[in-house]
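Visitor: Those protein sequences? They're chains A and B, same order as listed.
Residue 1 is where the first sequence starts when you use the numbering used here, and the numbers rise one by one after that.
Residue 1 is where the second sequence starts when you use the numbering used here, and the numbers rise one by one after that.
Calculated directly from the structure, the hints in this document are not laboratory data.
Hints are supplied without guarantee of correctness; some may be wrong.
[As the list claims (entries may be wrong)] Computed from the model, here is a short list of chain B residues facing chain A with C-beta under 7 Å: (1) Ala-144; (2) Ala-152; (3) Tyr-154; (4) Leu-165; (5) Ala-197.
[To be verified] Over 10 Å on every C-beta distance to chain A, these chain B residues come out as not near it, computed from the model: (6) Glu-30; (7) Ala-207; (8) Gln-216; (9) Leu-237; (10) Asp-267; (11) Gly-269; (12) Gln-292; (13) Ser-296; (14) Lys-351.
[Claimed, not checked] Not the full set, but computed from the structure, chain B residues with beta-carbon under 8 Å of chain A: (15) Ala-123; (16) Phe-131; (17) Val-135; (18) Thr-155; (19) Met-169; (20) Gly-245.
All C-beta atoms, glycine included, are put in the ideal place defined by N, C-alpha and C.
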Amino acid sequence: MEKTKAPTLSPSLNPYGRLVPNKHGIPGIRGYVGGVAGEHLGKTHRVAVVAAGIVSPLGRGLAMTAEALRAGRDCVTPMQRFPVDQCRCTTAGQVDDRLLADVLPNDCRARRLHRASQMTIAALTDLLEQAPGFAPQLTVVGTTSGGMSFGEQYYRSLQRPGACTAQAPGWIANYPPQKAALDALAVLGLMSPCQVIANACASGTNAIGHAFECIRSGRYDRVLTGGYDALSELVFVGFDSLQAATPEKCRPFDASRTGLVLGEGAALLALENLTQAEARGAEVLAEISGYGISTDNHHLTQPHPSGIGPRKAMERALRSADLEPDTIDYVNAHGTATPFNDAAEGKAIADLLGKVPVSSTKSMMGHSLGAAGAVEAVFTILALRQGFLPPNINFRALGPEFDLDVVANKARPASARAALSNSFGFGGTNASIAIQAHSR
Amino acid sequence: MSLRLAGLGWVTPLGSGLDEVWEKLRAGAEAEPTPLESSLGKKGCLAFNVPPAAVADAARLPRLRRSSAISRFAVTAGLRALSDAGLGLDESSAARTALVFAISNGGVVYTKRFYHEIVQQGAAAASPLLFPETVFNAPASHLAALLGITGASYTLVGDGAVAILALQMAENLMANPMLDRCLVVGAEEADWLLCDAYRKWRLLRTAPPIEPFAPQPRGMILSEGAGAVVLARDGSLLLEKVHPGGSFAQQNKLAGQLEAICEQLRDNGEMDVMLASANGTFVDAAEMAAAQKYFSGAAIYTPKPALGEGVAAGTMWQFICAALALRRQELPPLLHAPKSCLTIASAPTEKPWQCAIVTACGLNQQVAGCVLRT
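With the rest of the complex left out, here is chain A (with noise of 0.2 Å):
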């Protein structure tokens, strides 16, 4: 262990707040060293995608999510949860509530539990009718704001003079973030420890990530991860206040894009050791190979513009999942369609990856957040095994900023082995998953 100068809290003395400029003489960004954090380099076991379980705008399960995947279907519609007159966007990916219908039937509790808990409770049901009997040691889920509708509901009660609170206990009982994980665990019956990880959009990606990363060590054989997220009036305006978000189409790595829309939904992927999978001869749908991780410190809300954070998250997968550059045969974006995002992640992947097929699948169901990573990673194992590439919709022109390869508005036939998966969020935050196809 080191033994160097201790820091002190002296802002003019302080270690830590001087930025140093990196290798690329960029100010305002510490400079990246190799070999570090964000990968793992001690590899030991393959790690096996044996089940998932997943809603969204797009639907529910994994059929009718490859068939509207594949149709290239736009399912960003009018926002119909609350009231958006006064917003520059709205619109918003939603999710039928006839999807639901069948959480907790004739239940009371249903009544009680957020949408993000219904979400979540019905991405669980369906991955455990894949793969019964599924007996997590671990979970790790990924959120953003979990049920924050509830909480401002209890906000709002407070604010209207002699309105019944009745109901304030249960909102703010089942309003914390990680409810809606622990909900679906105790109706489905497992017993599991969860993390629950809020890294901002990075999210659902981190906590794949980092369950891929538990069962590769060795320390867990099964792990339960994926993400949720329900759309809330909060995060909505918020989204809407940075003026990220677009009053037009969300059009990804578009010339004429001009921001995100906000989306909703629950994915849930069951990993287990893939030589335990293969030994009880269960059907492997995809294997996580890899995870990159890093931090870019330039801004709360933006990436710096050279793209070092998506590009070292990127590397950091790749080097991970042992696969050079051009063995990657496609990228599912973040692509938020925001001018910042999509101008450095379309900086760094073309520049890493040359011109590999590249969409963003938000363009079809807006940005869920939290459950992007997850939901993401399960259009892109879709995407592997039934040998399509998911199309980027709404596309118009190539931004002439972009050297890159778009799927632009129709699905492309591909038989994929190889892909990256993207999420990068709020405090620089970026993560990048290596999926592949399964092979003995």
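Following the hints, position chain B against chain A.
Guide: Frame of chain A; chain B shown alone:
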């Protein structure tokens, strides 16, 4: 995995110096409650706030100029833990350092203010400056930027037990040979809105004291602050076991869950010290039952009567108290507890203390524990 404790740091309602706060606890000091007024014309409440002087240096850092209090608490505690470990991070060592945050309520002050503007004035009035600070990982982002950490940075959310889950995550991360250390931080800030929520939940007391292990639970007082530990491969104390526990769907299931955790953590060994999460609520009875069943000879302490219920930060305070008890072979007096029902010792009587258990019973279904050894 045998991780060791290399550094400790905290920000509490009694101050932010490791020795300063410990000496106050030893002297039986209690934080002074501060009235928190409602901006909605509702009944006010009392909470234990961090004195501004405790985080004055952090407040002057340019990066934290607009940040919420929780980020200042977290940064101060994190830097103090590194200082306690004798560590200064350069570019290379920062790259071999991971950051794990444990948060329960997060940046509630800015979140409330942001949403209040929406409710009062409409979406058009929403502040783009406030929104980014409402995100759960904002404090971690600030600390990562100040330390130059460019690799793994995670924020975990949960109830009070989330701090133990963060220690577990640090253990998992440190399986990576590319990492030398992990800085684990628990942080919270207090606000009237939280007090009102806990009051509606019938967990809040109108005024101190917090009376742990009382036959009739009378409630807790909310507080704020942060606790941070540096986990590394070298250090004075061993983080021997972490039990990430599980969740209890109903309050009456807590005792059984906690007993199962204590049974496994004890592993037929003696426990010299128990740092409990008892806070004057329903968790106390479960902890008392576990203590009497498994740790009847242990000295029991909870810092909550003195520091308040700091949720994720509070569990880190317990962890730090456990470490200090083993380091210094002493415990502060347990305040406001019925002395008849517990073995309470402030110092070892026959043999040196070697082993301490920390239990964390959250208020929203999670329970966990860990063991420290000299």
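Visitor: Would you mind marking each hint as holding or not holding in the structure?
Guide: Here is what the structure says about each hint:
no. : hint    : result
1   : Ala-144 : holds (5 Å)
2   : Ala-152 : holds (5 Å)
3   : Tyr-154 : holds (6 Å)
4   : Leu-165 : holds (5 Å)
5   : Ala-197 : holds (5 Å)
6   : Glu-30  : holds (26 Å)
7   : Ala-207 : holds (22 Å)
8   : Gln-216 : holds (20 Å)
9   : Leu-237 : holds (14 Å)
10  : Asp-267 : holds (18 Å)
11  : Gly-269 : holds (22 Å)
12  : Gln-292 : holds (25 Å)
13  : Ser-296 : holds (27 Å)
14  : Lys-351 : holds (30 Å)
15  : Ala-123 : holds (4 Å)
16  : Phe-131 : holds (4 Å)
17  : Val-135 : holds (5 Å)
18  : Thr-155 : holds (5 Å)
19  : Met-169 : holds (6 Å)
20  : Gly-245 : holds (6 Å)
Checked against the numbered hints given earlier, the structure satisfies every one of them.
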